[in-house]
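Participant: Spelled out from the first residue to the last, the chains are:
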Amino acid sequence: MVKRRLIPKLQMRASRSGSTVRMVLVTTVQFEQFIGIGDPVSQARIYEAQAADELIFVDLDASMGARGTLVDVVRRAAEQIFMPFTVGGGVRTVADFQNLLSNGADKVSINTAAVETPELIGRASESFGAQCVVLSIDYRRDMHGHYRAWTHNGKMDTGLDLVKWAVEGEQRGAGEILLTSIDRDGTRTGLDIEATRLVAESVSVPVITSGGCGLGSHFVDGFLKGKADAVAAGTHFCFKDQSPMQTRAHIRNAGVPIRLHT
Amino acid sequence: MIAIVDYGMGNLLSVNNAFEMLGARAHICSDPEQLRDADRIILPGVGAFRDCISNLTKRGFVKALNEEVLQRGKPVLGICLGMQVMARTSVEGGLHQGLGWFDAEVVRLRPSDPSLRVPHIGWNETAWRSDSPFFLRLPRRADFYFVHSYYMKCKFETDVEATCDHGGMITAAVRKNNIFATQFHPEKSQDLGLRVLENFLSWVP
Numbered sequence: 048m049v050k051r052r053l054i055p056k057l058q059m060r061a062s063r064s065g066s067t068v069r070m071v072l073v074t075t076v077q078f079e080q081f082i083g084i085g086d087p088v089s090q091a092r093i094y095e096a097q098a099a100d101e102l103i104f105v106d107l108d109a110s111m112g113a114r115g116t117l118v119d120v121v122r123r124a125a126e127q128i129f130m131p132f133t134v135g136g137g138v139r140t141v142a143d144f145q146n147l148l149s150n151g152a153d154k155v156s157i158n159t160a161a162v163e164t165p166e167l168i169g170r171a172s173e174s175f176g177a178q179c180v181v182l183s184i185d186y187r188r189d190m191h192g193h194y195r196a197w198t199h200n201g202k203m204d205t206g207l208d209l210v211k212w213a214v215e216g217e218q219r220g221a222g223e224i225l226l227t228s229i230d231r232d233g234t235r236t237g238l239d240i241e242a243t244r245l246v247a248e249s250v251s252v253p254v255i256t257s258g259g260c261g262l263g264s265h266f267v268d269g270f271l272k273g274k275a276d277a278v279a280a281g282t283h284f285c286f287k288d289q290s291p292m293q294t295r296a297h298i299r300n301a302g303v304p305i306r307l308h309t
Numbered sequence: 007m008i009a010i011v012d013y014g015m016g017n018l019l020s021v022n023n024a025f026e027m028l029g030a031r032a033h034i035c036s037d038p039e040q041l042r043d044a045d046r047i048i049l050p051g052v053g054a055f056r057d058c059i060s061n062l063t064k065r066g067f068v069k070a071l072n073e074e075v076l077q078r079g080k081p082v083l084g085i086c087l088g089m090q091v092m093a094r095t096s097v098e099g100g101l102h103q104g105l106g107w108f109d110a111e112v113v114r115l116r117p118s119d120p121s122l123r124v125p126h127i128g129w130n131e132t133a134w135r136s137d138s139p140f141f142l143r144l145p146r147r148a149d150f151y152f153v154h155s156y157y158m159k160c161k162f163e164t165d166v167e168a169t170c171d172h173g174g175m176i177t178a179a180v181r182k183n184n185i186f187a188t189q190f191h192p193e194k195s196q197d198l199g200l201r202v203l204e205n206f207l208s209w210v211p
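Chains as they are written, first to last, in this note's numbering: chain X, 48 to 309; chain U, 7 to 211.
Some hints could be false.
Unchecked claim - Simulated restraints, written as ranges between beta carbons of each label pair:
(1) U:M175 with X:P165: 29 to 39 Å
(2) X:D208 with U:R116: 39 to 49 Å
(3) X:E163 with U:M7: 15 to 25 Å
(4) U:D43 with X:E79: 34 to 44 Å
(5) U:D171 with X:D119: 34 to 44 Å
(6) X:M48 with U:K69: 33 to 43 Å
(7) X:S249 with U:E39: 45 to 55 Å
(8) X:G302 with U:G66: 51 to 61 Å
(9) U:T164 with X:D119: 40 to 50 Å
(10) X:G302 with U:T164: 54 to 64 Å
(11) X:R63 with U:L142: 42 to 52 Å
(12) U:V210 with X:E163: 51 to 61 Å
What the hints assert, rightly or not - Only pairs whose alpha carbons sit at most 20 Å apart, straight line, appear in this in silico DMTMM-like list of lysine to aspartate or glutamate:
(13) X:K272 with U:D119
(14) X:K50 with U:E204
(15) X:K50 with U:E39
(16) X:K272 with U:D197
(17) X:K50 with U:D109
(18) U:K69 with U:E26
(19) U:K64 with X:E173
(20) X:K274 with U:D119
Treat the hints as calculated values from the structure; they're not laboratory data.
For every residue, glycine included, the Cβ atom is placed at its ideal position computed from N, Cα and C.
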């Protein structure tokens, strides 16, 4: 039986000091309040040692000027860790997919570009296989209680219904859906279980949910009540004295099938 | 020298990095001629079956692979799509011919339990033949990383080296003469995956 997955999320921003640009690992609260943490690749190695199931790297600035810096992180990660990882942020074309995949990424996530050019999902899926294409959806609940997809790092309301957009993404060829609740991001108040479940019950591809994990029980809720295949978290692993190994033990004790640390 | 076949598809860098980590001398080969000098051959693959076989054919690898693997008997390791392309046929995106090294067809995953997802993505517990040389020095059970929507259905059970369950038994690895292939990604399965690669390197068919 395939195990549920625990995925540390490494969010990054380009940081310039003099003439050198490098990627710095950051955490966010509701997509703002950036706090620098350290080097993403060093942190990735720690997560590998702690037997995380996968990793997600996200370039929050997604600035084309720092593209080389992101590729450098991908290359270094591929040299140093032997586990699957997804890379996202600023991906706009099939060539961007090619660039990241050929430098060692296993999957590429698209968000804003998928809304602006939905055909990109299908084109990438045909070229590299659906399993390489992760549709990332950031969402908020509007005043009427409807979940809507937002783009541009949570700054622009697309008006798209969360569930409809996830279903369309699957039909267009996405092999996985990555959900992030903007309202819960970095708050450690728990995942949005309802949104997760609505999407998980509407698509047949795997669903990764994120935004809001602060306790081991939040992960358990994501799996059991939200029916997610994977839970991703950034802040949870960055600040608290919580490693993927400890969280894994909590999840396993709740009866969720998850990989044992070997 | 270990030749990693570069036909424009697949996460070659990760495969290369894994062998480098093990201290092996690996080369990413885009010229079929280079396979002649290889002691062992790795056929990776990510993407669609049709593109895989057509790229292999266009770049002259089909002939070279058949010579080196079938005639000269060099040990070969296929990974993921690189395993599937060794089958006789695949139904992914229409009916396509593969290399035909295994009497098998590649078919879509259809889990009996509708809550199980396709693509099959993640770590799944794998069972292998107790006499398999590829799973030596591993715990009795181990999880490996899978990511695929199609799988190889073998006509002969004797070709199947390992299996896992995803709403039905699916082929996780195959072996025949000097050919070994895995549906999972050993290069992405952390320390246990690296051990499978190490076992392949010391395998004498």
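Participant: Each hint: holds or not?
Facilitator: Comparing the hints with the structure gives:
M175 (chain U) and P165 (chain X) have their C-beta atoms about 37 Å apart, which keeps the hinted 29 to 39 Å range intact. In this structure, D208 (chain X) and R116 (chain U) break the distance hint of 39 to 49 Å, their C-beta atoms being roughly 29 Å apart. For E163 (chain X) paired with M7 (chain U), a C-beta distance near 46 Å fails the hint of 15 to 25 Å. A hinted range of 34 to 44 Å for the beta carbons of D43 (chain U) and E79 (chain X) is inconsistent with their spacing of about 56 Å.
Between D171 (chain U) and D119 (chain X) the C-beta distance comes to about 40 Å, which sits within the given range of 34 to 44 Å. At roughly 41 Å, the beta-carbon separation of M48 (chain X) and K69 (chain U) lies within the given 33 to 43 Å, and the hint holds. Between S249 (chain X) and E39 (chain U) the Cβ separation comes to about 51 Å, which falls inside the hinted range of 45 to 55 Å. Between G302 (chain X) and G66 (chain U) the beta carbons are some 53 Å apart, a value that agrees with the proposed interval 51 to 61 Å.
Checking the proposed 40 to 50 Å range against T164 (chain U) and D119 (chain X) shows it holds: the Cβ atoms sit about 47 Å from each other. About 38 Å separates the C-beta atoms of G302 (chain X) and T164 (chain U), a value inconsistent with the hinted range of 54 to 64 Å. Between R63 (chain X) and L142 (chain U) the C-beta distance comes to about 50 Å, which sits within the given range of 42 to 52 Å. For V210 (chain U) and E163 (chain X), the hinted distance range of 51 to 61 Å is satisfied, since their beta carbons lie about 55 Å from each other.
Of the supplied pair hints, the one linking K272 (chain X) and D119 (chain U) holds, its CA atoms being roughly 18 Å apart against a limit of 20 Å. Using a Cα cut-off of 20 Å, the hinted pair K50 (chain X) and E204 (chain U) is violated, with the two alpha carbons roughly 25 Å apart. Note on K50 (chain X) and E39 (chain U): the hinted pairing is violated, with a Cα-Cα distance of about 42 Å set against a maximum of 20 Å. With a C-alpha separation of about 32 Å, the suggested pair K272 (chain X) and D197 (chain U) falls outside the 20 Å cut-off, and the hint is violated.
Proposed proximity of K50 (chain X) and D109 (chain U) is contradicted: the alpha carbons are some 30 Å apart, above 20 Å. In summary, the hint linking K69 (chain U) to E26 (chain U) is not supported, as the alpha carbons are separated by about 28 Å, beyond the 20 Å threshold. In summary, the hint linking K64 (chain U) to E173 (chain X) is supported, as the alpha carbons are separated by about 19 Å, within the 20 Å threshold. For the hint pairing K274 (chain X) with D119 (chain U), the CA-to-CA distance comes to about 14 Å; that is within 20 Å, so the pair holds.
In this structure, the hints that do not hold are numbers 2, 3, 4, 10, 14, 15, 16, 17, 18, in rising order.
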